[in-house]
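Let the sequences and hints guide you as you build the complete structure.
If you read the protein sequences in the order shown, they are chains G and E.
Heads up: the first sequence begins at 20 in my numbering, then just goes up one per residue.
Heads up: the second sequence begins at 20 in my numbering, then just goes up one per residue.
Honestly, I wouldn't trust all of these hints.
Claimed, not checked - Heads up, simulated DSSO-like pairs for lysine-lysine below, C-alpha to C-alpha not over 30 Å straight-line:
1. K136(G) x K310(G)
2. K132(E) x K125(G)
3. K136(E) x K184(G)
4. K136(G) x K310(E)
5. K292(E) x K125(G)
6. K265(G) x K132(G)
7. K125(G) x K110(G)
These are calculated hints, taken from the structure and not from any lab test.
Number of protein chains: 2
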Amino acid sequence: MELSDRQKQILRAIVDIYVSTAEPVGSKAIAALPDVSCSSATIRNEMAELTQMGLLEQPHTSAGRVPSPAGYRLYIDELMQDYRLSLDETKSLNEALELKSQEFDKMMSQVGKLVSKMTNLPAYTVATRRNEAVAKHFDLIQAGPGSIILVLMLSGDVVKNKLVKLPVRVTEADLKLLAAVLNTSLTDLTAEEITGELLDKITRSAGPASPLAPLVMDFTLECLRQQHGDVHLTGQMRLLGQPEYKDAAGKAQEVFETLDEELISNLPAVLPKDGPVQFLVGPENVAKELKDTSVVMMRFDIGEGMQGTIGVVGPTRMDYAKITAKLGYFAENLGRMFQKGGQPTPPPALPDGMKNEE
Amino acid sequence: MELSDRQKQILRAIVDIYVSTAEPVGSKAIAALPDVSCSSATIRNEMAELTQMGLLEQPHTSAGRVPSPAGYRLYIDELMQDYRLSLDETKSLNEALELKSQEFDKMMSQVGKLVSKMTNLPAYTVATRRNEAVAKHFDLIQAGPGSIILVLMLSGDVVKNKLVKLPVRVTEADLKLLAAVLNTSLTDLTAEEITGELLDKITRSAGPASPLAPLVMDFTLECLRQQHGDVHLTGQMRLLGQPEYKDAAGKAQEVFETLDEELISNLPAVLPKDGPVQFLVGPENVAKELKDTSVVMMRFDIGEGMQGTIGVVGPTRMDYAKITAKLGYFAENLGRMFQKGGQPTPPPALPDGMKNEE
DNA sequence: TATTGGCACTCAGAGAGATGGAGTGCTAAG
DNA sequence: CTTAGCACTCCATCTCTCTGAGTGCCAATA
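Shown next as structure tokens:
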């Protein structure tokens, strides 16, 4: 069953209005729109039909209409008009994008904070591998008597480190030897290619520092097997700003908790399946606690076999168009950002008249 | 003006009851307590007096009494009885304490999550330096053409890393040279001791990789100047479980936001000034939005010139005794945890029959 | 046949009393 | 100094009513 143009127009208008007011939309409000040329009675007829089709809902008999999940879905897939960011908006997005250069993980969490702030909704970020991870470089640093810091660089410019305490004394030279062995025999291997025999071999040739070897390998395997980095969820409290949670702290808490759990335990669900952007509308969500909650997910590029995902979480009644536009802007520019190694666009001033050659 | 023993007993009882019920406490409820041997009328007289002293408050004429901030303060300073953790509680605390070994920062944030979970309240953690920071080790790793990873180890076993992208080509050997120069001339120096001349000297002797030097030094200075690590705040939503926020999402959001801001902008305020534990009761708080919010802060030990702080945030009506007990337990055991380099108490099973020598 | 104005009907939400009960302060007796 | 008794206060809850926004339907219209 196809929708008439007018029905589409009405559905779109209802979503648009409801999204910004959070109040059921009446026929009069639609009729009053400048580009609608029929009377409220006609609208009422059309609305009745749309309701029958399951695209609209009525909170109660004498209330206006509210989009149903199916209505939102149709809106997103077919009716949504590209939201054009205003000059002010791009300006503040640009300002926000001046990430302070930092460690990879911190950048990711900062991106989340940023997105959350700019959309005024909770947001999360995850980094995922696009292909099998391999170790790129090992480093062992003496941190104190019996304590060693292992620095591990993986493909995708991810750096992990771990403090290892050992009751065995090792010298700088021992560590250097072990590091060299690791760097020659353990780099550029995927998790599967790292076998027990290999470990044996390394342990044998590692000299006095060999007790370290199994610890290092364990950690390495653990890191290699991680398909994605931590999920950084921030700005949960912004959900409370939404009218649907005005006086339902209990419900909000439930949503928060489910969100937290879902994000860590059900990671694949928070990654867009296909295409750069994906929408999860209300009941399409995994957990039933999130049935009134929607998620907009967008991919962005981080160099070297890594891929980032930004997600924005909000009530099903959320401004999909605007949020998509903002996320799109982020996605476009974050890639560039990460490529540049997180250096702010205007290079930082250097002390004492040093010049930063470009 | 001194309180009589009975007055102390009454005040203590009121705090204890109010803390667990969140309802104003009436004279009858006190009189009904097993270890109270006078009638409700007597209690009423005493309560009137305590109210006049400013230790109790009355929400309205015909309501029971509620402790005033001053009342809480007195309770905390003099009346609070040590809460003894039950066997069940210590058991679950012990289970929780099995931190997965990880990077320092992640451990800190995990500790926060843990405390938040065990107290069912928002919690934060910060690591602070006890003395001037110095760099301990520099490492430069080629990550790709024109991109280098700088790994910096500071005193206190803190490891920082940064991805640097440079339009200048440098070889492995160049990096090794620069790293060597940095390691000889820049380690064990405090931020003040790193001068412009030193930078000049390093740049001159650094060979082809010298353009990197100012970037490295900038980053180093930045790290050295950080008196404390990031503040990890988690479990904000748990505040919503408290009856005071049952239907006041707006207020909760305000508290959240202020909390967030306060924690990052007003760091000294979140660190205990003296003694291992400190309480910030309601109006003693910095921001007026937090006037109904209290904080319990506790120090704990992390080796090597670093010191951790755990804070628990809750409504002024919170179970100070219980929370102090739990925090105390954490503080005691976390020190041990960190000393051991974050290795779980039962050493992890090693693959292929490898033995972990103790 | 599609659209429109008109009209009766519905129902959530706000406001106004009315009611009950928990708790107080005070007084007078023990 | 303590206690029982009593009048009083005031919040919380409930019910009731009223209002107005919005609908659905019908008959008139183009």
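Going down the list of hints, with the structure as the test:
1. K136(G) x K310(G): holds, 24 Å
2. K132(E) x K125(G): The given pair, whose Cα atoms are some 18 Å apart, holds under the 30 Å limit.
3. K136(E) x K184(G): holds, 28 Å
4. K136(G) x K310(E): holds, 25 Å
5. K292(E) x K125(G): holds, 29 Å
6. K265(G) x K132(G): holds, 23 Å
7. K125(G) x K110(G): Distance ~24 Å between K125(G) and K110(G) Cα, so the pair holds.
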